[in-house]
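So the protein sequences, as listed, match chains A and B.
Position 81 (the first sequence) corresponds to 81 in the numbering used here; numbering is contiguous.
Position 388 (the second sequence) corresponds to 388 in the numbering used here; numbering is contiguous.
Calculated from the structure, these hints are not laboratory results.
Every residue gets a Cβ at the ideal spot worked out from N, C-alpha and C, and that includes glycine.
If you only want the chain B side, here are some residues facing chain A, beta carbon under 7 angstroms, derived: (1) 489; (2) 500; (3) 513; (4) 516; (5) 533; (6) 535.
Output of the computed footprint for chain A on chain B, the stretches with three or more beta carbons under 8 angstroms from beta carbons of chain A: (7) 423 to 430; (8) 462 to 476.
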Amino acid sequence: MVYDCVIIGGGLAGLTCGIKCAEEGLRTVVISGGMNSLHFSSGSIDLAGFTDNGSIIKKPFDYLKKTASGKKGHPYAKAGLPAIKKSLDFFISRLSEEGITLNNNGDYNHFHVTAPGAVKPTYLSQESVYSPAGKDIIKSGGKIAVLNFKGFRDYYPEQTAANLKKHPLFKNTEFIMGDISLPYYLHTEKNLHEFRSTDIARIFETERYLPRIADEIAKAAGDAGAVSLPAFIGISNYREIRRKLESMTGKFIYEIPTLPPSILGLRIDSALKNCFFSKGGEYIAGEKIVSASTNKGTVESIMTGNRSTSSEIKSRYFVLASGSFFSGGLQAGVSEIKEPIFNLKVQGDKKRSKWYSHDFFDRKSHPFLSFGVETDRNFNPCSEEGKTIKNLFCAGSVLSGYDPVKEGSGGGVAISTGYKCAERIIRELEK
Amino acid sequence: MGRIETDVIIIGGGATGAGIARDLSMRGVKCVLVEKNDIASGATGRNHGLLHSGARYAVKDHESAQECISENRILRKIAWHCIEDTGGLFVTLPEDDPSYHSQLLEGCKYAGIPAKEISIRKALQLEPNLNPGILSAMTVPDGTIDPFRLTASNMLDAKERGVVILTHTRVTSILKSNGRITGAICTSKDGGETEIHARMIVNAAGVWGQEVCSLAEIKLPMFPSKGSMLIIDYRVNGVVINRCRPPADGDIIVPGDTVSLIGTTSREIPYDKIDDYTIDDDEIDVLLSDGEKLIPNVKNTRALRAYCGVRPLVAVSGEMDGRNISRGIVLIDHKERDGLEGLVTISGGKLMTYRLMAEKTSDLVCRKLGVKKKCSTHKVPLPGSESRFSSGRTVKKFSGIPDSVVGSTFYRHGQRLRNIMTGEKKNYRLICECEMVTEGEIEYAIKKLEVKDLVDLRRRTRIGMGPCQGELCAYRGAGLFHEYGGTTPEGSVDLLYDFLEERWKGIRPVLWGDGLRESEFTYWIYQGLFGLSHINDNKKKKG
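Between the sequences and the hints, there should be enough to build the whole structure, so can you do that?
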């Protein structure tokens, strides 16, 4: 059996690519090595948040229009502005089919609040993070109750409030802090104090606990019109839970992403997977790709290996969306950077002392964050000998030429390059 | 300006300074200890944590060898909770001079160190990861000692006996009158000044002792010698492995807690570089390749961190060549050397002999102050080592709490475990999962162990010292730091920022493989997800 398209990597780039391919009727499989980076993301999609010198970008598309031509190796320059826009519309609509609404602020970036109280620009957020109603509350300078679950060790509301207070956006806001406790009738073997966000999300997902939780929220929030909680108010049916809590408490409910696992990211992850399945895509989880066989500049098949079993997967086209170092898409030896599956040509300094900056929080970030596979403008990579591989495309953070953290561009690059690779493959197959 | 009246000011909060504070307070002498950073933040906490048998010095330096074995026996009694009795091996590699083995056996015999030749088969049974190609092996009574625990325990005892401990406080001037010391002025991190009146000053500032002396207008040139070490993220050996050859770079692998440590290089550095702590790439290469020769598995492990310390070698006469300077104990009475009464400098030596150094110094101080009471630090156990309970029995007392949690706390705090594992369930929740640090332990450290920031907290509890280097627990630790009254909420975010910067210094030199993966993840969390530097930038703009 031969697939039309094999996608290596089940993250934001790989799944976006997979959904597009599958809905065009391609026989598509996504092979995933494990959990993707959505599990520790903010759950918002950053498009372009910061300029090179670190100032905040207000209108990301305007910024990209101006700079896309200037930054030659940048994935955005290769994807092109129309495709970036199209890919984001596509992404929004497919997630909404799965019940996740992503809001934006028109052509402008909006802000989301981080756990220690930073305010970061982003482009798309779930409605518990950005909505016109929430925007009005901040503007009007009302009272916000910053709450936590009593004993939850992965969030500290005092930090959020203390640092937000200093931010111009919140200069008229009054913050109060408080705790909500678990329903007294919840019995658990585990030490409640060691609960992670997913454990608490499960409590919120238990319908009969909601009235009690709503009481707790109302009590702790007092006369505040808005309540912020660390993001844990349910994974699968969070919109419904949030709606119920808002009507029971009469308060606006806001979510702040905190330490992994990221509930906001998990929602997007499961929506993307469900969407992919609904379009007929196949998904192989927990597989490692150990090698690939190429012939005359064309990839013919890849070998999966998971301890005892190994199998060959053949396809007409391949997409490498295997992520950067953390996910294993790139490997750093003592003195070299490698792409381990196809041994592709990689951009990355030979000297280890050039991989990092002296300070961890250096304004210039770290060079290693922009290392990755070199591709032409069609996202086709080269073999180490410098030969272009025509039926292999690369997407997401395995690509070189951009720094997702410094630019605040990780989500946008993943979605647009994943989408663009799918478009290329579809066009090639049409020929 | 605050004012304190005391007998003795001790400058330097390393093992020696803390040891002197303990020794003097046991003899009824009032002291104030002033440390510019944190306790054990200099050379004390920057070595390989070896409980020397003395064998390393047995061929060339009998005096040091004898001091080591004698202190080794004492520390096993008074500080058992800081020690792991791993045992040690000296092994000869094919490329080494085989005659050194018999010289070493001879030297050990002379110094009274029980060294015993064993068969290669036996050595491999003891240490299965050892290079099977070794030519000979002998056992020695080496062990490991945790310098942070040891220093904290000395300081805690001194504090309980009334010593005032001022960490993150720098001595800015030394007061003299008619050729006598009368006190010192010191400034804390937040700028507060204190005038301390005292009859004597003990300079136990290690390599920074040169600066202390210059405050008293005395020249005491130091010859700083840097030693770098590499930590690998697995405990590849259970026994200390020494290479049986004359002392050289990369000749020892010490197991410690959950990791192993390859030591040590030795390089002279200029005095103005003593606070740099830069590790060169070629030092890493030497340590890795020599480490592999002893334990081949080293190459399959992940390098976790590299760090270095600066040995405080002192030139007494002021003009000796750096190479010939003794690494032995140097105790200077500046009355005799420079005509200044009331100033004493203690330097040289090693972590292993800190107690002996403290004893010698305290003897001199007491003689000058007319105090008759004799030293008893070799007999009285340190806090935590009060009575010898087996960890098994202790673990059983805390039923319902995972053994691993109780065991780790016991391992770090000995009998003081009772002050930590109390009260409600939240005290038992894990904050640092790598090193099994509970909220109760963090509360205890913040309230009792002179902890001023997250880096100090790490030295007392091992929070953030495991494989992930503080990925999740750094944030939790910062949050709790505020909750337990250590700082303001904004202050706790600043501490988090500083802590991650400090961790980075040790990760940076070994940034490849899984270490780089982990760092990428940490960067995503703290910069990508939390935007920590944006908070800091915002502040800087305002400030």
